[in-house]
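With chain A's structure known, arrange chain B with the ligand on it following the hints.
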Amino acid sequence: MRINLRFLKQFIDVEMPVVETKELLASLGIEVAEVHGCDNSTAFTVEITPNRPDWLSHLGIAREIHARLPDLPLVLPNSLDPALAVGEGAGSVDIQIESVSDCRRYSGCEIHGIEPSASPAEIGALLESLGLRPINQIVDASNMVLMAMGHPLHMFDLDCLEGKQIRVRRARPGERLRLLDEREVELETEDIVIADARRPVALAGIMGGVESGITNRTRRVFVESAWFDPVRIRRTARRLGLQTDASYRFERGTDITATPGAIVMALAYLRAWSDKPVVSSGYHDEYPGLFLATTVQMPADYPSRYTGVEIPRSEAAAILERLGFQVDSIDKKLWTVTVPSFRVDITCKQDLVEEITRIYGYNRIPASMPRTVNLSFSPNAKRNLRLKAGRHLIANGYFQALNYSFQSLEDNLLMAGAESTHTDFIGLRNPLGKEYAVLRNSLVPGLLRATAHNANHGALTVKLFETGKRFSRCSGSDGCEEEALAVSAWGEHEPLSWRNSKVEDIDFFVFRGEMEAFLLGLSVEFHLEQRDFPWLQPGCSFAIQIHQQPAGWMGCLKTETVQAAGLDKTVSAMEIGLSSLLRKRKEQRFAQWNRFPMVKRDLSVYIPAGVSFSDLEKAIEAHRPEELESYHLFDCYRDRTDSGGERISMAMSFYYRHAHQTLTGERVNRIHTVLVNNLVATLKLELRT
Amino acid sequence: MSRELSHEIDELIQVFKAEVEQVQSQQQHRGLKEKYFSRRKGICPLLMQRLRDIPPKEKAEAGRLINRFKQMVEQSLDEVFTRLEPDRRKPGIDWTLPPVSHAPGAPHLIERTRTELEDIFIQMGYEVAEGPEMESEYNNFTALNIPAHHPARDEQDTFFIQDIDDMVLRTHTSPVQIRYMKSKQPPFKAIFPGKVFRKDEPDATHTPVFHQIEGLLVDREINFSHLRGILEAFIRAFFGEDIKTRFRPGYFPFTEPSAEIDISCFLCFGQDAECRICKGTGWLEILGSGMVHPGVLMNCGIDPDLFSGFAFGMGVDRIALLRHGVPDLRMFFENDLRFLRQFR
Ligand SMILES: [Zn+2]
Numbered sequence: 000m001r002i003n004l005r006f007l008k009q010f011i012d013v014e015m016p017v018v019e020t021k022e023l024l025a026s027l028g029i030e031v032a033e034v035h036g037c038d039n040s041t042a043f044t045v046e047i048t049p050n051r052p053d054w055l056s057h058l059g060i061a062r063e064i065h066a067r068l069p070d071l072p073l074v075l076p077n078s079l080d081p082a083l084a085v086g087e088g089a090g091s092v093d094i095q096i097e098s099v100s101d102c103r104r105y106s107g108c109e110i111h112g113i114e115p116s117a118s119p120a121e122i123g124a125l126l127e128s129l130g131l132r133p134i135n136q137i138v139d140a141s142n143m144v145l146m147a148m149g150h151p152l153h154m155f156d157l158d159c160l161e162g163k164q165i166r167v168r169r170a171r172p173g174e175r176l177r178l179l180d181e182r183e184v185e186l187e188t189e190d191i192v193i194a195d196a197r198r199p200v201a202l203a204g205i206m207g208g209v210e211s212g213i214t215n216r217t218r219r220v221f222v223e224s225a226w227f228d229p230v231r232i233r234r235t236a237r238r239l240g241l242q243t244d245a246s247y248r249f250e251r252g253t254d255i256t257a258t259p260g261a262i263v264m265a266l267a268y269l270r271a272w273s274d275k276p277v278v279s280s281g282y283h284d285e286y287p288g289l290f291l292a293t294t295v296q297m298p299a300d301y302p303s304r305y306t307g308v309e310i311p312r313s314e315a316a317a318i319l320e321r322l323g324f325q326v327d328s329i330d331k332k333l334w335t336v337t338v339p340s341f342r343v344d345i346t347c348k349q350d351l352v353e354e355i356t357r358i359y360g361y362n363r364i365p366a367s368m369p370r371t372v373n374l375s376f377s378p379n380a381k382r383n384l385r386l387k388a389g390r391h392l393i394a395n396g397y398f399q400a401l402n403y404s405f406q407s408l409e410d411n412l413l414m415a416g417a418e419s420t421h422t423d424f425i426g427l428r429n430p431l432g433k434e435y436a437v438l439r440n441s442l443v444p445g446l447l448r449a450t451a452h453n454a455n456h457g458a459l460t461v462k463l464f465e466t467g468k469r470f471s472r473c474s475g476s477d478g479c480e481e482e483a484l485a486v487s488a489w490g491e492h493e494p495l496s497w498r499n500s501k502v503e504d505i506d507f508f509v510f511r512g513e514m515e516a517f518l519l520g521l522s523v524e525f526h527l528e529q530r531d532f533p534w535l536q537p538g539c540s541f542a543i544q545i546h547q548q549p550a551g552w553m554g555c556l557k558t559e560t561v562q563a564a565g566l567d568k569t570v571s572a573m574e575i576g577l578s579s580l581l582r583k584r585k586e587q588r589f590a591q592w593n594r595f596p597m598v599k600r601d602l603s604v605y606i607p608a609g610v611s612f613s614d615l616e617k618a619i620e621a622h623r624p625e626e627l628e629s630y631h632l633f634d635c636y637r638d639r640t641d642s643g644g645e646r647i648s649m650a651m652s653f654y655y656r657h658a659h660q661t662l663t664g665e666r667v668n669r670i671h672t673v674l675v676n677n678l679v680a681t682l683k684l685e686l687r688t
Numbered sequence: 000m001s002r003e004l005s006h007e008i009d010e011l012i013q014v015f016k017a018e019v020e021q022v023q024s025q026q027q028h029r030g031l032k033e034k035y036f037s038r039r040k041g042i043c044p045l046l047m048q049r050l051r052d053i054p055p056k057e058k059a060e061a062g063r064l065i066n067r068f069k070q071m072v073e074q075s076l077d078e079v080f081t082r083l084e085p086d087r088r089k090p091g092i093d094w095t096l097p098p099v100s101h102a103p104g105a106p107h108l109i110e111r112t113r114t115e116l117e118d119i120f121i122q123m124g125y126e127v128a129e130g131p132e133m134e135s136e137y138n139n140f141t142a143l144n145i146p147a148h149h150p151a152r153d154e155q156d157t158f159f160i161q162d163i164d165d166m167v168l169r170t171h172t173s174p175v176q177i178r179y180m181k182s183k184q185p186p187f188k189a190i191f192p193g194k195v196f197r198k199d200e201p202d203a204t205h206t207p208v209f210h211q212i213e214g215l216l217v218d219r220e221i222n223f224s225h226l227r228g229i230l231e232a233f234i235r236a237f238f239g240e241d242i243k244t245r246f247r248p249g250y251f252p253f254t255e256p257s258a259e260i261d262i263s264c265f266l267c268f269g270q271d272a273e274c275r276i277c278k279g280t281g282w283l284e285i286l287g288s289g290m291v292h293p294g295v296l297m298n299c300g301i302d303p304d305l306f307s308g309f310a311f312g313m314g315v316d317r318i319a320l321l322r323h324g325v326p327d328l329r330m331f332f333e334n335d336l337r338f339l340r341q342f343r
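From first to last, the protein sequence lines stand for chains A and B.
At position 657 of the first sequence the residue is numbered 656 (numbering that gives the first Met the number 0), and the sequence of numbers has no breaks.
At position 336 of the second sequence the residue is numbered 335 (numbering that gives the first Met the number 0), and the sequence of numbers has no breaks.
The following block holds chain A by itself, in its conformation from the complex (with noise of 0.2 Å):
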């Protein structure tokens, strides 16, 4: 809203430069946005607070300054009674209000012998720097109402009333209306609208329709002043997306007992600008929902107790008083405080602490410390968790990335089965745009962009890591969520260097090597297990299983995934459930170690096809003699065998040592023997001499 310091004037006579205004409002809760310059005055755009609709006018603005500076009197519109100012009786128009619960009050009056020229220049200035464009007599003097005293009025064409009736009522089925502006809405049941005989003539608190709109020809009109429900006005102003001066006031509440004034008020304007007679008649008061003012209970020392500042009875009641509420008895233990009309905000005791503080000043309150130690005390393992993984993670050359939670349904489908569809995932009713429809069910896309994103623009190695919630359906219809870490890496591994003169990229292997010895340093035992993801290429897919539990998966992401980011080499990621790494690992006991020798023998053998590393250890595993402490692959190739086919090498070395004595020579060879021996039976394995 908009205030012009000049018109302001006529309501309270401040006088102070104009950022002293400015931090004058400030401290009372009126945040200025904009000042604006206008002609010999100073406009400012405020923002007021939801809660506060008494302040959208002059008025109210007026009535917190007079609070804060009690030595400046409010002047208050002339408040002459409606039915003399107006004149009662020989009016023609029948109003009836269909539900009390929509409509608590609905006043009015017909203007006769006005024409609808400009206003005075004046005026027209002062309304345009409010933001508000001058039309005519009739419609600036209810714009000027709006802003003195905040109250909306709608002017009807008097000779457009069908049947002279106003029937404040619910819209039927199937109608509908023109608005002023030209648009025309089709109604529905919980609409209210203002209709005459035939037909509704305005969304009522909303706009007016255009055939009952004021023209160059109307002559009589018909002013309307009334009270509706704010959640009826909101909701049909939300579904039209109307958003208009009156509706904003009214959504938020108006106040019920200035009907008749702004009805004396405008009639007050158009006497003052027109040079002919303006003739009123007709006043009438349709008020059906009686108001009742609200009492608040509030003890006399509650301000104190609730601010841990002293503030005087005498000083708070006195607060209140200039903000319009009336304080029944200053000397008792519990007041009674009665809420004036236009305080539609105010209904507990907490809410008079802070008009009182408001006023007096916040800054007034000392600091104090509260000595609150809790009652009880729920650690959080999770916190503790994601931090040493990012510090372990970091000091591996990983950066921390930081993804929207939503991301586009092509992104999820990547990380889901082929036979996956949109249903199976987590939407937005609303989204911004289809690159954010869905929550995400993984955060490698989003790494992977990141990664993309960094290699266009020249990064040689992207490494990075992220940890955030992931979202499933689960439970048939239900949303679940859990938080994930997930890494991946792209690259080179040691950039070129004066040691280094072949640039290794980061492979799998290495891949692996890091994230085991993360696994290994955020002490949790897991295992890998290969098996195949659908994001994952073939092969190169494995579980990750920790404390015997499935925890996730690590491998290269789909060829086609990668090249299709434009990516050229591979993209080795890792996902797991943040609460895997959180589950209870055995408690670690202290083991002596062997202080035995240790003995080493290798092993050499051609490996046939389609048996893998992986078959070899389990069928080491199969026959592990006890003495065998480790095993270490150090060579593996392939060549090909003299008939031309492909075969595989690997050369191992086991390690060997007993838990009571020193294993002697021949007894290691003899131990040995036998599990070789088992290895070249159990998978076929040659010998290589």
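Hints listed in this document are in silico derivations from the structure and should not be mistaken for laboratory results.
Treat the hints with care, since some could be wrong.
To give an idea of the interface, some chain A residues facing chain B are shown, with a C-beta separation under 7 Å as derived from the structure [claimed, not checked]:
#1 G307
#2 E309
#3 P311
#4 S313
#5 E353
#6 I364
#7 A366
#8 S367
#9 H391
#10 A394
#11 Y397
#12 F398
#13 R428
Here are some chain B residues the structure puts well away from chain A; computed CB gaps all over 12 Å [what the hints assert, rightly or not]:
#14 S5
#15 Q13
#16 K16
#17 V22
#18 S24
#19 H28
#20 C43
#21 L50
#22 R63
#23 K69
#24 R82
#25 G124
#26 R227
#27 T254
#28 C299
#29 D302
Quick list of the computed label-pair ranges, beta carbon to beta carbon [to be verified]:
#30 A/G520 to B/I92: 30 to 38 Å
#31 B/E220 to A/C479: 40 to 48 Å
#32 B/P97 to A/G609: 42 to 50 Å
#33 A/L581 to B/S100: 29 to 37 Å
#34 A/E665 to B/E33: 52 to 60 Å
#35 A/K568 to B/F80: 50 to 58 Å
A quick note: this is a predicted structure, and the numbers were derived from the prediction, not measured.
The beta-carbon is built from N, C-alpha and C at its ideal position, and this holds for glycine as well.
Frame of chain A; chain B with the ligand shown alone:
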């Protein structure tokens, strides 16, 4: 006897001076040092040994002479040493070649800022509670005194979940406060960090996803001055001892009274009318806060006649942006290494 010694030392001095002038290398220096100070055959130790044979009366004088000589030799050897070129190293290896690079990564600036902010409250004894990003409308709005059709819902343009009734992406972390209050007995104090969502087209000052840290303290007889005490302590710890704070009335449906908290501009201290971050006002809006509304306490099963509390909230992204001079909020989500690398 001592006179004899004195002559001898004079001669030794002449010899030493000639020798020391000849020293060109560290090797020669080492040789000379050996000659004078070697434990068994060094000239100085031998002189000291001779003290034993000197009659007691002359011992003191002789000792002084020897010591003076010793000090002179030591000092000139040290002086010479500093003039010498270092030894030529073993040929073949240039130890100044660059190391095998092992550049660390970096935490994201948002996460780093969030951790720093959290740490201050953790040190003040606050718990850290987190909650789901997908929330019920009840927890996100209704329980916080924002019923359906409340104008305050307009100010937080909301993403709704498809096909699941009454579910939204939380517009603030306040629903976590609701969950927390329902599950705990006061007194308590906790912070609630996390991602939040508002339907804003991304631009330099808006992103549809951003990060908040909210806080809550509930106990008997908590009042507004406690709110001020905690938040001023926090602001001093995070922004610096010399930062000033200003409280302004504000509006949040879930607090009453509500306050906006500004801090003095740490870039220009109100001295620059064109200041990039405070726009010349000298103040930066940093926190929203207030006394928890009795209705909210009741919605969570806490009796507002027995307990009161305060709550506050801040935007992590905005604080990071202001503090580090990041020109555009969208950069936080681009994951550009040229950005990430700057905040190691
Ligand atoms: Zn500044």
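We went through each hint and held it up to the structure:
{"no.": "1", "hint": "G307", "verdict": "3 Å, holds"}
{"no.": "2", "hint": "E309", "verdict": "11 Å, violated"}
{"no.": "3", "hint": "P311", "verdict": "17 Å, violated"}
{"no.": "4", "hint": "S313", "verdict": "21 Å, violated"}
{"no.": "5", "hint": "E353", "verdict": "3 Å, holds"}
{"no.": "6", "hint": "I364", "verdict": "5 Å, holds"}
{"no.": "7", "hint": "A366", "verdict": "4 Å, holds"}
{"no.": "8", "hint": "S367", "verdict": "5 Å, holds"}
{"no.": "9", "hint": "H391", "verdict": "10 Å, violated"}
{"no.": "10", "hint": "A394", "verdict": "6 Å, holds"}
{"no.": "11", "hint": "Y397", "verdict": "4 Å, holds"}
{"no.": "12", "hint": "F398", "verdict": "4 Å, holds"}
{"no.": "13", "hint": "R428", "verdict": "4 Å, holds"}
{"no.": "14", "hint": "S5", "verdict": "62 Å, holds"}
{"no.": "15", "hint": "Q13", "verdict": "53 Å, holds"}
{"no.": "16", "hint": "K16", "verdict": "48 Å, holds"}
{"no.": "17", "hint": "V22", "verdict": "37 Å, holds"}
{"no.": "18", "hint": "S24", "verdict": "31 Å, holds"}
{"no.": "19", "hint": "H28", "verdict": "34 Å, holds"}
{"no.": "20", "hint": "C43", "verdict": "48 Å, holds"}
{"no.": "21", "hint": "L50", "verdict": "56 Å, holds"}
{"no.": "22", "hint": "R63", "verdict": "59 Å, holds"}
{"no.": "23", "hint": "K69", "verdict": "49 Å, holds"}
{"no.": "24", "hint": "R82", "verdict": "34 Å, holds"}
{"no.": "25", "hint": "G124", "verdict": "7 Å, violated"}
{"no.": "26", "hint": "R227", "verdict": "4 Å, violated"}
{"no.": "27", "hint": "T254", "verdict": "9 Å, violated"}
{"no.": "28", "hint": "C299", "verdict": "15 Å, holds"}
{"no.": "29", "hint": "D302", "verdict": "14 Å, holds"}
{"no.": "30", "hint": "A/G520 to B/I92: 30 to 38 Å", "verdict": "33 Å, holds"}
{"no.": "31", "hint": "B/E220 to A/C479: 40 to 48 Å", "verdict": "41 Å, holds"}
{"no.": "32", "hint": "B/P97 to A/G609: 42 to 50 Å", "verdict": "46 Å, holds"}
{"no.": "33", "hint": "A/L581 to B/S100: 29 to 37 Å", "verdict": "34 Å, holds"}
{"no.": "34", "hint": "A/E665 to B/E33: 52 to 60 Å", "verdict": "56 Å, holds"}
{"no.": "35", "hint": "A/K568 to B/F80: 50 to 58 Å", "verdict": "55 Å, holds"}
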